[in-house]
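Protein chains in written order, with numbering that gives the first Met the number 0: chain P, 0 to 146; chain Y, 0 to 131; chain R, 0 to 192.
In short, the hints are calculated from the structure, not lab data.
In this text, all values refer to a predicted model and were calculated from it rather than measured experimentally.
For glycine and all other residues, C-beta sits at the position ideal for the given N, C-alpha and C.
Take these hints with a grain of salt, some might be off.
[What the hints assert, rightly or not] Some chain R residues close to chain Y (C-beta under 10 Å, calculated; not the full set): (1) 5; (2) 8; (3) 12; (4) 44; (5) 96; (6) 116; (7) 137; (8) 138; (9) 140; (10) 179.
[Unchecked claim] Computed far set for chain Y versus chain R, every beta-carbon distance over 12 Å: (11) 6; (12) 32; (13) 63; (14) 65; (15) 96; (16) 113; (17) 122; (18) 124.
[What the hints assert, rightly or not] To give a feel for the contact side, a few chain P residues facing chain R, derived at Cβ under 10 Å: (19) 53; (20) 57; (21) 116.
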Amino acid sequence: MNPHMVLRVVSKLLIPIIIVFGLYVHFHGDYSPGGGFQAGVLVAVGVMLYALIYGVEEARRAVPPWTVRAGAALGVLVFAGVGVASWILGGNYLEYEVLHPDTAYKAGQHLGIILVEIGVLLTVFSVILAIFYAFAGRAPDIPDEEW
Amino acid sequence: MVELIAERFAYGVIIILMMTGLYAVVASANLVKRMVGLGLFQTSVFLLYITISKVLGGAPPILEYPFPATPDETVYSNPLPHVLILTAIVVGVATLAVGLALVVRIREAYGTIEDGAINEADYALDTERAGR
Amino acid sequence: MIDMIVTDPTLLIEYTLMAMLLAVGVAIVRLRDLFAVVMLLGVYSLLSAAWFVSLDALDVGFTEAAVGAGISTLLLLAAMLLTARSAEPVSAIRHWSAFAVALAGGAALFYAIGDMPAFGDPDAPANAYVGLQYLERTQADIGVPNVVTAVLASYRGFDTLGEVVVIFAAGLGVMLLLGMGGRKPRKDGEGEE
Chain P
0 MNPHMVLRVV
10 SKLLIPIIIV
20 FGLYVHFHGD
30 YSPGGGFQAG
40 VLVAVGVMLY
50 ALIYGVEEAR
60 RAVPPWTVRA
70 GAALGVLVFA
80 GVGVASWILG
90 GNYLEYEVLH
100 PDTAYKAGQH
110 LGIILVEIGV
120 LLTVFSVILA
130 IFYAFAGRAP
140 DIPDEEW
Chain Y
0 MVELIAERFA
10 YGVIIILMMT
20 GLYAVVASAN
30 LVKRMVGLGL
40 FQTSVFLLYI
50 TISKVLGGAP
60 PILEYPFPAT
70 PDETVYSNPL
80 PHVLILTAIV
90 VGVATLAVGL
100 ALVVRIREAY
110 GTIEDGAINE
120 ADYALDTERA
130 GR
Chain R
0 MIDMIVTDPT
10 LLIEYTLMAM
20 LLAVGVAIVR
30 LRDLFAVVML
40 LGVYSLLSAA
50 WFVSLDALDV
60 GFTEAAVGAG
70 ISTLLLLAAM
80 LLTARSAEPV
90 SAIRHWSAFA
100 VALAGGAALF
110 YAIGDMPAFG
120 DPDAPANAYV
130 GLQYLERTQA
140 DIGVPNVVTA
150 VLASYRGFDT
160 LGEVVVIFAA
170 GLGVMLLLGM
180 GGRKPRKDGE
190 GEE
C-alpha cells in the first residue's frame with residue numbers, strides 16, 4: 000500500500016484546478032486583482048506540487064528543463080516584441096493604441112495589456128520553475144521514514 | 000505630541016520590524032539565517048510603502064465596472080506604491096534565489112556556512128600559499 | 000488612539016496583526032533551529048499579506064501570499080536541506096554590536112517619523128499628485144477597471160519590462176550557479192561540479 004495514496008489522489012484533483020485558477024487570474028487581471036506575476040507563480044506552484052508528490056524526475060518529464068529555459072527567454076521576447084510591434088505600426092515603444100483600430104472600446108489597450116502580461120506570465124513561470132529544478136536537482140531525496 | 004504619535008503608530012511598529020531584520024542581517028553568522036534576516040527587512044520595507052499609500056476610508060483601487068456615466072466620487076487608496084511593491088516582491092524572490100544558490104555553492108566549496116569558519120579557511124589557504 | 004478604534008473597529012485587526020508580526024519577528028531573530036526560522040518567515044509573510052489586504056492593497060497581498068509565503072519558504076527549505084539544520088550561537092560582542100547598529104538606525108528613523116504624513120492622510124504628498132492622476136485618467140485612457148494592472152502594464156510598461164528582465168537575469172544566475180540538475184548530484188555533496 001502506497002503511504003502517499005491520499006496525497007496522490009488529492010493532488011491529482013487539485014493540480015488542474017490550481018493551473019486553471021492561475022490562468023483565470025491572468026486573463027481576468029484587468030477586472031479583478033491579479034495579472035501576469037501572480038498567474039506565473041500560481042501555474043509554477045501547480046507543477047511544483049506535482050514534483051513534490053510524484054518526484055522531481057516525473058515533473059522533469061512533464062515539463063522538460065529545455066522548455067523552461069526557452070520559456071524564460073520567450074517571455075522577455077514577447078514583452079519586448081509587443082513594443083517593437085507598436086513601433087512598426089507607427090506608435091511609440093509600448094504604445095498599445097496602435098495595435099487595434101477599434102478606439103471606442105480601447106481594444107488596442109486591452110490587447111496590448113494581455114499580450115504583455117503573457118510575456119510576464121511565461122518569464123515568471125519559467126524562472127520560478129527553473130529555480131525550483133536547480134535546487135531540487137541538488138537536494139537529496141527524503142527517505143520514506145522521515146515523512 | 001500624543002496625537003502625533005497616535006497618527007504615526009503604524010510607522011513606528013514597521014521601523015521596529017525593519018530594525019529586527021537589520022539586527023538579524025548583522026548578527027547572524029549563519030548565511031541562511033542572514034538571508035532570512037534580509038527577507039524580514041525586505042517585507043518590512045514593503046509594509047512601510049503600503050502603509051503610506053493607504054487613505055483612511057478609501058477603497059481598493061479597482062474601479063466600478065461597467066464604468067458609471069456620472070463621475071466617480073469614491074475615495075481610493077493610492078495605486079502607485081502597489082504597482083512598485085507588486086513587482087518588487089517577485090524580483091525579491093528571484094534575488095533571494097540567487098543569494099541562496101551562492102550559499103549552496105559556498106557550502107559545497109567550504110563544507111560550512113558559518114562566516115567565521117569560512118574566514119578561517121580562507122586565512123589558512125592564504126598563509127599556506129604565502130609560505131610556499 | 001482609543002477614539003480612533005471606536006470610530007473604526009477594523010483598526011483592531013491591524014493592531015492584532017502588528018502584535019503578531021512583532022512576536023514572529025523577535026522569534027525569528029532569537030531561534031537557532033533553521034527549520035523553525037524558515038517556517039516562521041513564511042508565517043511572517045502570510046501575516047503581512049493579511050495586513051496588505053486590510054491596507055487596500057489586494058494585488059500586493061495576493062502576490063505576497065503566493066510568493067513570500069509559498070515560493071520563498073520552499074526555496075529556503077531546499078537551501079536549508081542542502082546546507083545546515085541549525086545555526087551556531089553568536090558571540091556576545093557580535094550580538095551587542097549588531098544591537099547597537101539596529102538601535103542607532105532605529106533611533107534615526109524614529110527621529111524622522113515626525114516628518115511623515117499622518118497614517119491614512121488623503122492629502123499626503125505621496126497620495127495627492129501622480130497616484131490621483133492615474134485614478135482619474137485610467138477610465139478614459141486605458142478603459143480597464145483595475146488601476147494597478149493599468150499602471151503596471153500600460154502607463155509604466157517600460158518599467159515592468161525592466162523588472163521582467165531582472166527576473167530573467169536572476170533565473171539565469173541561479174541556472175549558472177547550480178545547473179538545472181540534469182546530472183546526478185554527488186553523494187557527499189562536496190567538491191567541484
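Please write out, lowest number first, the hints stated earlier that are contradicted by the structure. 1, 2, 3, 9, 10, 11, 12, 13, 14, 15, 16, 19 and 20
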